[in-house]
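Required output: the full structure, derived from the provided sequences and hints.
Here the protein sequences come in this chain order: A and B.
Residue numbers for the first sequence follow full-length UniProt numbering, beginning at 1 and rising by one.
Residue numbers for the second sequence follow full-length UniProt numbering, beginning at 1 and rising by one.
Source of the hints: derived by calculation from the structure; they are not laboratory data.
Do not take every clue at face value.
Which copy is meant is left open, so a pair is good if it fits within one copy or across any two.
What the hints assert, rightly or not - Taking lysine-lysine and the DSSO-like style, the derived pairs with C-alpha atoms no more than 27 angstroms apart in a straight line are: (1) Lys-269 to Lys-99; (2) Lys-244 to Lys-269; (3) Lys-269 to Lys-96; (4) Lys-254 to Lys-272; (5) Lys-117 to Lys-33; (6) Lys-254 to Lys-202; (7) Lys-272 to Lys-96; (8) Lys-236 to Lys-111; (9) Lys-181 to Lys-254; (10) Lys-96 to Lys-111; (11) Lys-244 to Lys-117; (12) Lys-181 to Lys-117; (13) Lys-111 to Lys-9; (14) Lys-244 to Lys-272.
Protein chains: 2
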Amino acid sequence: MAGFWFTEKQTDHFGITMRVNQTLHTEQTDFQKLDMVETEEFGNMLLLDGMVMTTQVDEFVYHEMVAHPILNTHPNPEAVLVVGGGDGGVLREIMKHDKVEKAVLVDIDGKVIEYSKKYLPEIACELDNPRVEVKVDDGFMHIINSKDMYDVIMVDSTEPVGPAAPLFERGFYQGIYEALKEDGMFVAQTDNPWFKADLIQKVSRDVREIFPVTRTYIANIPTYPSGMWTFTLGSKKYDPLAVKVEEIPDLPTKYYSPELHHACFVLPKFVKALVE
Amino acid sequence: MAGFWFTEKQTDHFGITMRVNQTLHTEQTDFQKLDMVETEEFGNMLLLDGMVMTTQVDEFVYHEMVAHPILNTHPNPEAVLVVGGGDGGVLREIMKHDKVEKAVLVDIDGKVIEYSKKYLPEIACELDNPRVEVKVDDGFMHIINSKDMYDVIMVDSTEPVGPAAPLFERGFYQGIYEALKEDGMFVAQTDNPWFKADLIQKVSRDVREIFPVTRTYIANIPTYPSGMWTFTLGSKKYDPLAVKVEEIPDLPTKYYSPELHHACFVLPKFVKALVE
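In structure tokens, the structure reads:
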């Protein structure tokens, strides 16, 4: 069989490895190394700085779990901001919610958008939706310059190294608080509890100091380190745990469901201990 | 840094890789290849036929999740059988339940027991408990020769290749039904939904045809394929979903909790579709 084996060292001592049939595109952008490859197990796969960002086979988990818990909690999410997320997967899920009138996506790297449209078309499929505005810009600065503007903000960033490092700082969460309307809420991907327990602990503490409601939830993503991913949600008013299951719409999803809306917040004991 | 990188190909095209500092023991037993190695990330690790069975760092998830959901469902689990499980991890969790008067462990390979005691002492720590009887024997035959004997049976097997293959057949589940008392129940590890969807579907269907109550639940185990593991439970009478959270004891665990007892049965949509 042609191709080669790609390995991502997820820690200094542990990694995943997969067969790559061919490299579709490789480029050092202004911000990061971008590789788009075709894998045998997971379809086309986007790598940034050698880390798996998304694959055609398992992308639905991450994208659904960023978008739906928060959009099914806020009663009227008209104005939504996505920081990062240039592949368009989170936007695709947002567009399933009719209440969203306008979704702004701010990704620092236009090349991610360009090559996602080309090689991940079923992920990037809503980037040209008339309800969507795409800006190639610094998400941190966009947040700092926005006041009282958004109902919901989703932070779909890379790992806390490279261009996304400022997106895990307390100042960023304070900026998000000010960019949100008086009943706004946000969610951010916050890595995994097996290898990044310190990060989760720090982010959860920072968000708790700023937002009256702070919640952590989890999802299984096979191509992400440890397979267990956390999301941290901060809210000025609405609590995802107060939503009634029977009032959650049954959207066309493959992972998220009304029942899972509550179950995903029930954390294994060692994870719960990190965020209390 | 000394050592080498061990890689388990979890499918033909995907695997995990980790740094091994040293090999502690390696042997072709009468049944399988046994390797005990010291890893940098996960501590000591037991491999059978090149597949990760357990590691010191993440073993608690699997062992707790085999033992506690079922033992906190059956009101009087006096007689318990473990098929496989020679490392002793499931037994250690069973011994946390005072209601268990006798736990029989039947593993086909005495070498697994011997080297787990030597290199995984905190996992194997209850193998000599007076409430435990260890038999080096064929678990399939033990089941076939047992009638109306056990309250709870736990199948802690390897993957459905090699010596454990018969443990995934319908005839085995029929044998379990007959080995159980009139209100007995069993649980088996049933691999992952990302790469083994067909197996989960088949096992669930087989168990449903035999047991009036059939349930599937999941847990996150970083060193197992995809990080998401399923367990299939068959019961003649008691339903784990009927257990009241406030009646579940808060045992000394690191993953399982009374709240998780219910949440772990809420399956992602694509997994739920496999078992309905």
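Homomeric proximity label, Lys-254 with Lys-202: Cα distance no greater than 27 angstroms: Result: close only across copies, 21 angstroms inter versus 31 angstroms intra.
Indicate which option fits the pair Lys-269, Lys-99 if close means a Cα-Cα distance not exceeding 27 angstroms: within, between, both or neither. between (36 angstroms within a copy, 23 angstroms between copies)
Homo-oligomer pair classification [Lys-9, Lys-111; C-alpha up to 27 angstroms]: This pair counts as within: shortest intra-copy Cα distance 24 angstroms, inter-copy 33 angstroms.
Using 27 angstroms as the alpha carbon limit, work out where Lys-117 and Lys-33 are close: within a copy, between copies, both or neither. within (18 angstroms within a copy, 47 angstroms between copies)
Between copies, within a copy, both or neither: which fits Lys-254 and Lys-272 at Cα up to 27 angstroms? Answer is both; intra-copy 26 angstroms and inter-copy 10 angstroms each pass.
If the cut is 27 angstroms between Cα atoms, do Lys-244 and Lys-272 qualify within a copy, between copies, both or neither? both (23 angstroms within a copy, 21 angstroms between copies)
Given a CA cutoff of 27 angstroms, do Lys-244 and Lys-269 count as a within-copy pair, a between-copy pair, both, or neither? Both: 25 angstroms inside a copy, 19 angstroms across copies.
First find the shortest C-alpha distance between Lys-244 and Lys-117 inside one copy, then the shortest across copies, and answer within, between, both or neither for a cut-off of 27 angstroms. Neither: 37 angstroms inside a copy, 49 angstroms across copies.
Can you give me the call for Lys-96 and Lys-111, within, between, both or neither, at a CA distance of at most 27 angstroms? Answer is within: at 25 angstroms inside a copy they meet the 27 angstroms cutoff, but 55 angstroms across does not.
Measure nothing new, just compare the shortest in-copy and cross-copy C-alpha distances for Lys-269 and Lys-96 to 27 angstroms and report within, between, both or neither. between (33 angstroms within a copy, 17 angstroms between copies)
Intra/inter-copy verdict for Lys-272 and Lys-96 if alpha-carbon distance must be at most 27 angstroms: between (31 angstroms within a copy, 22 angstroms between copies)
At most 27 angstroms between CA atoms: does that hold for Lys-181 and Lys-254 within a copy, between copies, both, or neither? Answer is neither: 31 angstroms inside a copy and 39 angstroms across each miss the 27 angstroms cutoff.
Violated hints for the displayed structure, listed by number in ascending order: 8, 9, 11 and 12.
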